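> Here numbering that gives the first Met the number 0 is used: position 95 in the sequence shown is 94, and no number is missing along the way.
It is worth saying that the hints were derived from the structure and are not from the lab.
Everything numeric in this text was worked out from a predicted model, so none of it was measured.
A few of these clues could be false.
Claimed, not checked - Pairs of lysine to aspartate or glutamate, DMTMM-like flavour, derived with a Cα cap of 20 Å: (1) 174 x 121; (2) 22 x 81; (3) 95 x 149.
Stated by the list, open to error - Cβ pair distances, simulated, as ranges: (4) 0 x 236: 25 to 33 Å; (5) 140 x 118: 22 to 30 Å; (6) 137 x 76: 32 to 40 Å; (7) 153 x 50: 44 to 52 Å.
Here a beta-carbon is modelled for each residue, glycine too, at the ideal position from N, C-alpha and C.
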Amino acid sequence: MTVVVITGATRGIGRAAAVELAKRGADVVVVGRERERVDEAARAARAAGGGSSVHTQVADLTSMASVRSLAAELRDRHPRIDVLANNAGALFATRKLTAEGFERTFALNHLAPFLLTNLLLDRLDGGRVVTTASDAHTGGRLDLDDLQSERSYAAMRVYGTTKLCNILFTRELAKRAAGVHANCLHPGVVRTGFGKNENGIWKLLTILGGPFFRSPERGARSLVWLASSAEGERLSGEYVED
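From just these sequences and the hints, can you work out the full model?
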């Protein structure tokens, strides 16, 4: 049975992908920050049918200690992981450091998938790593002397920089980990919980723009395709968008 681990699986693209992959018969591991949301998403995935098992993991991916604990628990449960979908991500309107001293956008969107992937790499031999990037990367600016955005913080630019990091990581992983098929994707502009954890303009834009955005199911198509299709398995180091 194919084992698929999906972070950020409690709403939006991640939840839609978890439901669809469970429907197709994969054993899905739903990873999220809040127990209630994780359990609800797991119930939806089980209800989708397919006869697969659905497991749950609660982790705060802004915390590298939590990422390490998640990796250890996944290693204990699963001798092999066929697909790791690094989907969790957010845009934060204001700069704030995590308890470990990392700027939280950079921590959640880049450091967490980078660390989790590397901690699970031996379990992923022959498998797939699918990371949700964004065409917002075109507005990113990778300043290696200011990864913490201490000099200036513009939410969309910082978010774009983390998505650029996702793409660069994917390409380098494809080169270094010969046994892993690593790809990333732009899901389009999707109606998700993205931006709703903020106040002000970002929350307003999320609400007003919702009717014009893609559905989570539509946004999840590329993720599901990269995670499950024979064609997706032949790719590595690619950035996919439709």
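> With reference to the structure, classify each hint as holding or not holding.
Each hint tested on the structure:
1. 174 x 121: Holds, because 16 Å separates the two Cα atoms, which is no more than 20 Å.
2. 22 x 81: holds (16 Å)
3. 95 x 149: holds (10 Å)
4. 0 x 236: 25 to 33 Å: With Cβ atoms ~27 Å apart, the hint holds.
5. 140 x 118: 22 to 30 Å: holds (28 Å)
6. 137 x 76: 32 to 40 Å: Check passed, 38 Å falls within 32 to 40 Å.
7. 153 x 50: 44 to 52 Å: At 48 Å between Cβs, range holds.
Hint compliance for this structure: every hint is met.
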